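Protein sequence lines correspond, in order, to chains A and B.
If you read the first sequence in my numbering, its first letter stands for residue 299, the second for the next number, and so on.
If you read the second sequence in my numbering, its first letter stands for residue 2, the second for the next number, and so on.
By construction, these hints were calculated from the structure, which means they are not laboratory data.
Note that the coordinates shown come from a computational prediction; the quantities given were computed from them, not determined experimentally.
For each residue, glycine too, the CB sits at the ideal point set by N, CA and C.
Heads up, a few of these hints could be off.
Computed list of lysine-lysine pairs in DSS-like fashion (alpha-carbon distance at most 27 Å, straight line) [what the hints assert, rightly or not]:
| no. | chain 1 | residue 1 | chain 2 | residue 2 |
| --- | --- | --- | --- | --- |
| 1 | B | K369 | A | K702 |
| 2 | B | K101 | A | K770 |
| 3 | A | K770 | B | K340 |
| 4 | A | K378 | A | K351 |
Derived CB-CB ranges, DEER-like [stated by the list, open to error]:
| no. | chain 1 | residue 1 | chain 2 | residue 2 | range |
| --- | --- | --- | --- | --- | --- |
| 5 | A | K427 | B | M425 | 41 to 51 Å |
| 6 | A | Q428 | B | G538 | 41 to 51 Å |
| 7 | B | K857 | A | H608 | 48 to 58 Å |
| 8 | A | V553 | B | K857 | 24 to 34 Å |
| 9 | A | P441 | B | M425 | 34 to 44 Å |
| 10 | A | D377 | B | E536 | 48 to 58 Å |
| 11 | B | E688 | A | D377 | 53 to 63 Å |
| 12 | A | V553 | B | W142 | 27 to 37 Å |
| 13 | A | D377 | B | K416 | 50 to 60 Å |
| 14 | B | S991 | A | A349 | 24 to 34 Å |
| 15 | A | T392 | B | E544 | 47 to 57 Å |
| 16 | A | Q618 | B | K857 | 39 to 49 Å |
| 17 | A | H608 | B | Q985 | 40 to 50 Å |
| 18 | B | Q983 | A | V553 | 20 to 30 Å |
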Amino acid sequence: MNEANEFLKHVVTRRQLLRAGTAGVGSLALQSMLAPDALAKQIQSSGLHFAPKAKRIIFLFMNGAPSQQDLFDYKPEVDKHHGAELFKTYDEKTAKWSTDGFVKKTQRLTGMTSGQKGFPVARSKFKFKQHGQSRAWISELLPHTAKIADDLCFVKSMHTEAINHDPGVTFFQTGHQQPGRPSMGSWMSYGLGTENDNLPTFCVLISNGTGRPGSQPVYTKLWSNGFLPGVHQGVQFRGGKTPVLYLNSQTGETVDARKRMISRIEALNQLQIDTFGDPEIATRIAQYEMAFRMQMSVPEATDISQEPQHVLAAYGPQCQMPGKFAANCLLARRLAERGVRFIQLYHRGWDQHGSLITALSKQCNDVDQAQAALVNDLKQRGMLDDTLVIWGGEFGRTTYSQGKLGDAANGRDHHPRCFTYWMAGGGIKAGFTYGETDDVGYNIAADGVHVHDFQATVMHLMGIDHERLTFKYQGRRFRLTDVHGKIVKPILA
Amino acid sequence: MRILSILLIMVLASAANAMEPISFNKQIRPILADRCFACHGPDSAQRVSDMRLDQQETTFMELPSGEFPVVKGKPNESELIHRIVSDDEELKMPPADSGKSLNKQEIELIKQWISEGAEWNQHWAYEAPQHSPVPRPIKKWQQNNPIDLFIQARLKQLRLRPENSADKETLIRRLTLDLTGLPATVEEIDHFLNDDSPEAYEQVVDRLLKSPRYGEHLARSWLDAARYADTHGLHLDNERSIWPYRDWVIRAFNDNMPFDKFTIEQLAGDLLPTPSLKNRVATGFNRCNVTTSEGGSIDEEYYVRYAVDRVETTATVWMGLTAGCAVCHDHKFDPLSQKEFYQLFSYFFSLTERAMDGNALLPPPVVKIPSESQTANQNRITGEMKQQAELVRKILAESKYTDPFSGDDYPAFEKSDRIWFDDMLPAGAKPAGNPGPWTFVEGPDHPVYSGKNSSTRTGNGLIQHFFTGATDPFVIAENDILFAYVYLDPDNPPETVQLQFNDGSWEHRAHWGADKAHGAGRNNASNKLLGPLPEVGKWVRLEVPAATVGLKPGAKLNGWAFTQFGGTVHWDQAGAMGALQLSPQQKESYAIWEYFLKTVSTAALPDPIKKLVAVEADQRNEAQTKQLMTYYLENVNPVTMALLAPPNQKQAELKKELDAIQKAIPSTLVMEDRKEPRVAHILERGEYTEKRDAVESAVPAWLGESPVDAPQNRMGLAQWLVSPTHPLTARVTVNRYWQHYFGTGLVKTSEDFGVQGERPSHPELLDWLALSFIESGWDVKQFQKLIVMSSTYQQSSRITPSKHTLDPQNRLVSHGPRFRLDAEVIRDQVLAISGLMIPTIGGKSVKPYQPAGLWKPVGFGGSNTSVFKQDTGEKLYRRSMYTFWKRTVPPPTMSIFDAPNRETCQVRRTRTNTPLQALVLMNDVQFVEAARRFAELVVTHGGDQVDQRIVYLYRSVLARNPKPNELQLVTQLYNEHLAEFQEQPEAAKSLVSTGESVRNESLDQTELAAWTMIVHLIFNLSETVTKG
């Protein structure tokens, strides 16, 4: 038995694992200990494939698809032609398109408006102004965001393939419309491993919008590891006393008591190693230690009582209400500071098919101050340089009105052909706008950015070649970007 | 050290090479497939030249350039070699931009293969399994059956020895966990230890194979493959009822249904000559896929997605074929063409299902499945109802009715509207809406029917405004017709409008237009269809006879809902139209009653009677006249009704009983083909809009022809899969069974037997097992027994340093299996040990403990699974396979231990080791509760002394005695805890109150708390969650 014990000290010990953890060994390496058949591969600080511009990502996902016409993609032409029919009509006999109307109706519409009789172009009810030196157009709904315009890079020519929410969000997060693939955060965790040894690599924070409460579900598949090993699964952080599932003991034991319990589990497990020589036991010991550190570090990370007043004031009063978007923004910064690699926020309720004016105003009110504060806060801490902040939803909204024009109850339907994203920080040009839509904001006029292009670019910023980060499953090398994706070089700093 | 071990293996491997010729299938094809096939393989669209390396003919054929890819025996004349060794960027293969490359050793291998004559064979898995000679036994090593001969021959070759048999305690634990997913009890362990007969082990095996727990345990992995769950999985993720299929699988395993029959029933049970109910339930296999009803989704797109999922699942489960690759293009590595994919697709493209599941519990096609007692009770009650009906007929025949009224001096009747609300809601009404509150608009800019305003709503999907809680209820009178005025916006009409009435329950509804309202698919009092969508652009009066929505005279309404599916709708003035009632005296006259019907209302009448009334009296035939009279005597005339009261009363009771039984009968989703099949097309890039050539259902013939009489439908597909000559079905199936016991299949990639999958570690053994399985008549239990009876299975799982180096993953099976238990087994084990487990088999899924607030923050407000309501009592302690599986938020204790998400087919679980797992075991209420309950057993059954109790504890959890150092350590810990709890009795009390099950109050709380801590500690040991 002694022979086994000696031998194991050489193979993998708890101490080695821990040392590896603090030295920032990538998860590919960690995985080789967790799943013994995985290929060991050390990731240098120079990045997985090349030097990264960003070390971490905060992705503010606006679930439900915010209306780009009412926020960023200002169209004076639409103001002029408010109420005019959007679509040209096709005459079968002459095989010609009508001269009135703006665009040919060649694509599919969702079942929600495909039966509508007319498609009147609808101007935004909100006032637009240009902001900052970059002269970026931003609507009156986002006064705080307008103030950081020069830190932002707008991509106005995003486009996607899905026209409904479930496939749309799933496509954005996993590169595939059907469930089953790993999410972006999981790919990053798989490719880059962890930067800390007491918090998860990939955290998920969810908040409910006040514009359409209870609307637009999110699904655990959006932070699922898919076919990647389970360590790459996103860990949901929740408002309230138990930010991470099962974090707290049932009986509220003291730290010392818990520490002792773990040391006893270890002592008994150690006897098993001596008997069976199974390295999995050593791994399990290490995992208990990590669990213990999480029990210490998660409450510390989520406790904002030490945040100075001016910081709390900047994020706004809702940052002290756990589970609100503002609270999640502040928490995101704290997690980023503590080395969490991928922080995914979901804010629900952006699906404004009807009552757009009131609902969209509420949604913007939920997020505006806190998201601007987040960017400022990162900047003041010198973290914006290597933190990439991303803002946007799963698709855009139509330039035509859903429902009768001028009716308070109207809104805009789903629109995959163009929508706006903004990004800030790590490796992205600040105060820059990329891509254009046509005069009525219906089609892309120049420099389209497909979801896979966006994914490729984000991976590039993180030091990953999206074509080379693959995982072989069911006989195929899978990638986040499938067989597509071009890096959008003009937006790189 | 790791690198050293890899080197060692490579040295060994190349040492073997030096003696044996290069094997094309083992060594060469994997390289070509991985680096070359993407462009020089089966995918015709991606092939950039005529050079194709996946086929024998083309590999040796002259190219248009005059060169030959491979010239046997002459590497220097082979273009393949020229290209892979070239320094010229233009010529070098694989090209730099492919991201692929060949290393020196691989290039040497290919050269050597060509030098040796470039032997070429078909991919091993596509040729039928072959009988190879069973290796000779190796002296002094234990051999129980041919499995051992194959495994040991390989070990011997690599100069390894098998391990000795594990001790009996380890064996019974391993065996019981493997065959039932539960631990062995102390009694079972003792019985085995005390039985010295040579048959002792086999008797345990036989006992376990007969246990109903066996079927549950084996079914569990199959349900991963079948992607079984209790919700639809997309968007709303509402509940789905398909658990009877889950129970069918359990039963099939317990009844030892042969695998060929098991296959046929699940893929095509509905197409058997006379399908039984059970046969049809079995077809739930391919109704388990995720479905949607998201507003705005396009039907055609989802019909395609569902069929694609069914092909992928069927191909993975039966053939280990990654068919999904061929959705968009010819498969890049395996010979499956895109056309062949859509030929398979065609089998599943013609179901009667609807693309949108309607968010319904039971989207058709479905079947009802009464239990035997339910059937018997139904028969009994219908029999009694017939007797009562006979009695009624008799009484009527004897009553001899004569009408007291004659002449034509009929009384006058008037109709009048009673308005309940207009402009303002009734007193006390609590208005609400989803989404958003009531919106009132005024004329003249908006349509208003009466008064100042109308209420309005615009939106998508099912939306509404309503109120409840009116303090002065609206009482329904006889013959009342409820009404409301509606105006549909011509520019944005809804698909459906609906009125709902609340008399304490909302189960009184009527709708117009598409069946997309609350209670869709019912068309009864809880959602009666009353006509098409009203005309748009004008005010229309909607009328609902109170009786048709189940509102009886005297019913009191406190709430009302205006509901629509999409569009813009205005509503105004609502109430009921009443008619003067017939007096009891008037009711004694048939003539007056009929006059009343003609002049006032027939609304309260059932449809057939209404039709009879519409016929002029002199136009009715004898039977019609009699029918109308009978109706009158039974339902209107007070004199005859009094006579009929006793049998009618009895009849009503029977009806109620019958309804209750019928309501309790579960239903389940099944397969059913359309009469007119839908034509399948090849879809360019898999896009449903890009139809190309039409195809018919067919199997890929390169895997073997269909049996001669096989029909061209799913039945034919199933028969083809289980034909004894099919190269894949048996291999893939036995490989999954092997994986069940050893953690890894003989083919590690149990989902992929194709060119890109791993080769089997023991090809001859795999074939031998497959052929034995077929020859046994696909006898599943016999096959399990074959494996567990082998000495290979019974080896000790000790890992020696040299074996850790030479066989790190135990692919050679040089020692016994040792790996972490599955999520379900980890939980079931503590339920069983603690005595909490409720052994009921099957039934509706249950909702045991889960952390609060998991569903609500992520779920759609309108989903019926957006709020988690934990069950109580027995339902907390059912086996984990019965836990309600909500796909968009699976039970976290399961996912954390690597259970798949059940969204897609999964035949191999990953096995990770993470800190979240430690948190579950330490902090989940279920594990703490089980610890305290088991602590009670330790105290009551474990003897009086601390060390006796520790022995009992170890034997119950780990099936072994503690070692002296363990005993010493645990005793010390116990004493520490005891001392602490004596000082803090409150902490003790809190600990022993964890969970909902009752505590044995007679036991000392402090002592119990200390034992709870010890048990909980043992539950957290690596050994406890590991099969060793």
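Status of the hints after comparison with the structure:
Between K369(B) and K702(A) the alpha-carbon distance is near 45 Å, which puts this suggested pair outside the 27 Å criterion. Taking the CA atoms of K101(B) and K770(A), the gap is about 14 Å. The hint holds against a cut of 27 Å. Proximity of K770(A) to K340(B) is assessed by CA-CA distance (about 25 Å); at most 27 Å being required, the pair is judged to hold. For the hint pairing K378(A) with K351(A), the CA-to-CA distance comes to about 43 Å; that exceeds 27 Å, so the pair is violated.
In this structure, K427(A) and M425(B) meet the distance hint of 41 to 51 Å, their C-beta atoms being roughly 43 Å apart. Checked against the hint of 41 to 51 Å, the C-beta distance between Q428(A) and G538(B) comes to roughly 44 Å, which is consistent with it. Separated by about 34 Å at the C-beta atoms, K857(B) and H608(A) break the suggested range of 48 to 58 Å. Look at V553(A) against K857(B): about 31 Å separates their beta carbons, and that is inside 24 to 34 Å.
Judged by the Cβ atoms, the range 34 to 44 Å given for P441(A) and M425(B) holds: they are separated by roughly 39 Å. Between D377(A) and E536(B) the beta carbons are some 36 Å apart, a value that contradicts the proposed interval 48 to 58 Å. Between E688(B) and D377(A) the beta carbon distance is about 36 Å. The supplied range of 53 to 63 Å is therefore violated. For the pair V553(A) and W142(B), the beta carbons lie near 53 Å from each other, so the given range of 27 to 37 Å is not met.
The hint said 50 to 60 Å for the Cβ distance between D377(A) and K416(B), and at roughly 54 Å that hint holds. In this structure the supplied range 24 to 34 Å is violated for S991(B) paired with A349(A), their Cβ-Cβ distance being about 53 Å. Look at T392(A) against E544(B): about 49 Å separates their beta carbons, and that is inside 47 to 57 Å. Look at Q618(A) against K857(B): about 22 Å separates their beta carbons, and that is not inside 39 to 49 Å.
For H608(A) and Q985(B), the Cβ-Cβ distance of about 43 Å falls inside the hinted range of 40 to 50 Å, so the restraint holds. Roughly 22 Å separates the CB atoms of Q983(B) and V553(A), a value that falls within the hinted 20 to 30 Å.
Violation of the numbered hints given earlier is confined to hints 1, 4, 7, 10, 11, 12, 14, 16; the remaining hints are satisfied by the structure.
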